[in-house]
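Under the working numbering, the first residue of the sequence shown is numbered 1, with each subsequent residue one higher.
The set of hints was computed from the structure by calculation and includes no laboratory data.
Among the hints, erroneous ones may be present.
[Stated by the list, open to error] Restraint-style ranges between C-beta atoms, simulated for each label pair: (1) Lys2 with Ser35: 12 to 22 Å; (2) Gly74 with Glu42: 44 to 54 Å; (3) Tyr70 with Val39: 17 to 27 Å; (4) Lys3 with Glu36: 21 to 31 Å; (5) Leu18 with Leu50: 47 to 57 Å; (6) Tyr58 with Lys3: 20 to 30 Å; (7) Ala43 with Met1: 43 to 53 Å; (8) Met1 with Asn29: 14 to 24 Å; (9) Gly47 with Phe83: 17 to 27 Å; (10) Lys2 with Thr37: 48 to 58 Å; (11) Met1 with Trp30: 40 to 50 Å; (12) Leu46 with Lys2: 33 to 43 Å.
As the structure is a prediction and not an experimental result, all values here were calculated from the model.
All residues carry an ideal CB built from backbone N, CA and C; glycine is no exception.
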Amino acid sequence: MKKIIAAAALTLGATGCLGPNNAANSLLNWNAEVSETDVVNEAIFLGMYLIPVYPIAYAADIVVFNTIEYWSGGNPIDAPGAFPGFTKKGGDTE
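Given the sequences, and given the hints that come with them, work out the whole structure.
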């Protein structure tokens with residue numbers, strides 16, 4: 001019986017693995033717009049990864065939100081939109 005429950009849990013959880021990851025991508029978008037300085041954004045990113053805000057957001061997306069979207073057709077987290085990018089990419093942006 002325990003093997004059946006474990007297999008069912010893995011099957012249901014695995015169905016949402018390939019989803020939009022709206023929670024984690026919303027955090028990434030927010031992080032990219034916190035400051036105009038890439039160094040500040042990188043420091044915040046590293047801090048949120050080490051605390052572990054990003055890993056928890058990805059885990060919640062994989063296990064909960066993407067699975068809900070798979071079964072219901074709607075994700076409880078709104079799509080974050082396009083990634084805003086970085087302020088500089090190897091030099092000036094102009």
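Going through the hints against the structure:
1. Range check, Lys2 to Ser35: about 50 Å between beta-carbon atoms, so the 12 to 22 Å window is missed.
2. Distance hint for Gly74 and Glu42: a CB-CB separation of about 34 Å, inconsistent with the stated range 44 to 54 Å.
3. With their beta carbons about 38 Å apart, Tyr70 and Val39 fall outside the hinted range of 17 to 27 Å.
4. For Lys3 paired with Glu36, a C-beta distance near 54 Å fails the hint of 21 to 31 Å.
5. Distance hint check for Leu18 and Leu50: the Cβ-Cβ separation is about 27 Å, which falls outside the suggested range of 47 to 57 Å.
6. Taking the beta carbon of each, Tyr58 and Lys3 are about 27 Å apart, inside 20 to 30 Å as hinted.
7. Checked against the hint of 43 to 53 Å, the pair Ala43 and Met1 passes, with Cβ atoms roughly 49 Å apart.
8. Between Met1 and Asn29 the beta carbon distance is about 44 Å. The supplied range of 14 to 24 Å is therefore violated.
9. Hint check: Gly47 to Phe83, Cβ distance near 20 Å, so the stated range 17 to 27 Å holds.
10. The given range of 48 to 58 Å is respected by Lys2 and Thr37, whose C-beta atoms sit roughly 52 Å from each other.
11. In this structure the supplied range 40 to 50 Å holds for Met1 paired with Trp30, their Cβ-Cβ distance being about 44 Å.
12. Against the hinted window of 33 to 43 Å, the Cβ-Cβ separation of Leu46 and Lys2 comes to about 40 Å, which satisfies the hint.
Checked against the numbered hints listed earlier, the structure breaks hints 1, 2, 3, 4, 5 and 8; every other hint is satisfied.
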